[in-house]
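Spelled out from the first residue to the last, the chains are:
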Amino acid sequence: MSKQVPIVDYLVLDGDQPHLEANACAECGALYFDRRNACARCGAQSFERRALAGSGTVRAFTIVHRAAPGVKTPYVSAVVDLDGGGVVKSNLVDVEPDPEQIALGMPVQMVTYVAGTDDEGTEAIAFGYAPADASHPENGA
Amino acid sequence: MTVSDTVWIIGASMTKFGRYPDKDVVDLGSEAALAALADSGKTIFDMDLMAVGNLYEANGMVGQRIQKQIGQTGIPCYNTANACATGASAVRIAHTAIKAGEARMAIAVGVEQMGKSGLLGGAGRAKGDRKVFEPSGRYGAVMSPEGVLGTGIMPGVFAQAGMEYARQHDGVGFEQFARVAEKNHKHSVLNPLAQYQKEFSLEQIMGAEVVAYPNTLLMCCPTGDGAAAVVLASDEVVRQLDPDQRRRAVKISASVLTSDPWTESAQVQPDVNTLTRQAADQAYEQAGVDPQDLDLVELHDCFATAELLHYDNLRLCEPGGAGEFIDSGGPWRDGRIPVNVSGGLISKGHPLGATGVANLYEVTTHLRGEAGDRQIEGAKVGLTHVIGLGSACAVHILEKPAA
Numbered sequence: 000m001s002k003q004v005p006i007v008d009y010l011v012l013d014g015d016q017p018h019l020e021a022n023a024c025a026e027c028g029a030l031y032f033d034r035r036n037a038c039a040r041c042g043a044q045s046f047e048r049r050a051l052a053g054s055g056t057v058r059a060f061t062i063v064h065r066a067a068p069g070v071k072t073p074y075v076s077a078v079v080d081l082d083g084g085g086v087v088k089s090n091l092v093d094v095e096p097d098p099e100q101i102a103l104g105m106p107v108q109m110v111t112y113v114a115g116t117d118d119e120g121t122e123a124i125a126f127g128y129a130p131a132d133a134s135h136p137e138n139g140a
Numbered sequence: 000m001t002v003s004d005t006v007w008i009i010g011a012s013m014t015k016f017g018r019y020p021d022k023d024v025v026d027l028g029s030e031a032a033l034a035a036l037a038d039s040g041k042t043i044f045d046m047d048l049m050a051v052g053n054l055y056e057a058n059g060m061v062g063q064r065i066q067k068q069i070g071q072t073g074i075p076c077y078n079t080a081n082a083c084a085t086g087a088s089a090v091r092i093a094h095t096a097i098k099a100g101e102a103r104m105a106i107a108v109g110v111e112q113m114g115k116s117g118l119l120g121g122a123g124r125a126k127g128d129r130k131v132f133e134p135s136g137r138y139g140a141v142m143s144p145e146g147v148l149g150t151g152i153m154p155g156v157f158a159q160a161g162m163e164y165a166r167q168h169d170g171v172g173f174e175q176f177a178r179v180a181e182k183n184h185k186h187s188v189l190n191p192l193a194q195y196q197k198e199f200s201l202e203q204i205m206g207a208e209v210v211a212y213p214n215t216l217l218m219c220c221p222t223g224d225g226a227a228a229v230v231l232a233s234d235e236v237v238r239q240l241d242p243d244q245r246r247r248a249v250k251i252s253a254s255v256l257t258s259d260p261w262t263e264s265a266q267v268q269p270d271v272n273t274l275t276r277q278a279a280d281q282a283y284e285q286a287g288v289d290p291q292d293l294d295l296v297e298l299h300d301c302f303a304t305a306e307l308l309h310y311d312n313l314r315l316c317e318p319g320g321a322g323e324f325i326d327s328g329g330p331w332r333d334g335r336i337p338v339n340v341s342g343g344l345i346s347k348g349h350p351l352g353a354t355g356v357a358n359l360y361e362v363t364t365h366l367r368g369e370a371g372d373r374q375i376e377g378a379k380v381g382l383t384h385v386i387g388l389g390s391a392c393a394v395h396i397l398e399k400p401a402a
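Going down the list, the protein sequences come from chains Z and P.
Using numbering that gives the first Met the number 0, the letters of the first sequence map in sequence onto residues 0 to 140.
Using numbering that gives the first Met the number 0, the letters of the second sequence map in sequence onto residues 0 to 402.
This is chain Z alone, in the form it adopts within the complex:
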């Protein structure tokens, strides 16, 4: 198996249990995907790593048809409310890029896939969200 790296550092590949991890404020629990000097909500300066759920619901989406050069269109971008806390943005996968096929509030489940390969054969693993009622055995990283 070729070497794999996550597309961003808040995606933890962790074998067959890929998941997102955030910096959680030790005082108020506010979640951040990047490093913070202090919590933007309460000002506390200590954080702990927290694993986030893979399941959630679609809070908002858009279907992008016109994009920067090199970005494949159309694709569906969504903001997802994660079960148990946290909000994340990523693509919806395994859905038709058709507003009739996507429902606001629909349950989704995180999946991972190979988004690119570099010249040394290393694969970048990305995450997206698929409708929760479908099964996606082919989407394991």
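These aren't lab readings, by the way, just hints derived from the structure by calculation.
A few of these clues could be false.
Short derived list, chain Z residues pointing at chain P, Cβ under 10 Å [said to hold, decoys possible]:
#1 Ala39
#2 Ala67
#3 Asp82
#4 Gly85
#5 Gly115
Glycine included, every Cβ here is placed at the ideal spot set by N, Cα and C.
Here the structure of chain Z is known, so what remains is to put chain P in place on it, guided by the hints.
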């Protein structure tokens, strides 16, 4: 100098928005500055302060370069950058200086030259470079996340903001968003300063190329060039104006700037609502004005989805009632609260740094009764709103003084 309780607009101007390949930001900014000064009956030699908003050349001392065209007098000159609230932030600097008694008169200029840059950006690796994944940036990204981990560029960001509202409120969807663009394109036909003055049917708008659903091409503002300027003055200066000039002075009843308070979802998707609501509420309180008192509003319709949200954020409709407000014709020029009678950013254009000054020009012109074919008859109170993603929100309330 003494503290001024009230700050007034005594001069206002804007260039026609459009494309000026033969001019630069200094030409455009100087043109607007001189026109606003002429409109005020004052000159640059009367000004105690200058503030200039420009985004694309923010490190280029645009204000001082404009001074070299119109008059170098040694006054303090501030160059501001605050995304799409850049121009309004320059106005805020002039406003606070007069209010504090540090200036009697000040000029604020907003100017931008975007050319046909587009809003999609797009950097790329040079062909032939060896590609090796290396984590970089605050998220340790090994490749561009755009289009993989969703979208972070403007058409999609504002599309998602609109869809979030649609999820929360019944009766809001593609057609309501499209109706916003139908209105603003129709309004623009009366505004000779608008970049585009072309009417489109709802069918044409909904059938146009989709940029980021639900925003089609005709629901997105164009890029462009342009400038606007206002001359502000203290109570004392206004009292001493000759009667014809004093009659044209417009009172700034509220001037507010906010940034994002913490909200959970805004960590991944800009929240354009909370800071707009806070700015509006502060402005209404400062001015002692109720939203229902407004005769016209110029708000930040960078995309049609955005305008619909701001009906609610600016309290122009019942809470949750933005869909009903547009469906019932409320924001049309003959409706309950006319919104973007200039054509809005969608048709008038959106040269970033100029926008927040141009909307003050628009409302001032109506309050003076000088708006020609697009005049809202008897307008006495108006509100302007801009939002720069990141975020900064400015709201101003202007009033025609009692005769």
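Okay, the hints, checked on the actual structure:
no. : hint   : in the structure
1   : Ala39  : holds, 5 Å
2   : Ala67  : holds, 3 Å
3   : Asp82  : violated, 14 Å
4   : Gly85  : holds, 8 Å
5   : Gly115 : holds, 5 Å
Hint 3 from the earlier list is the only one contradicted by this structure; the remaining hints agree with it.
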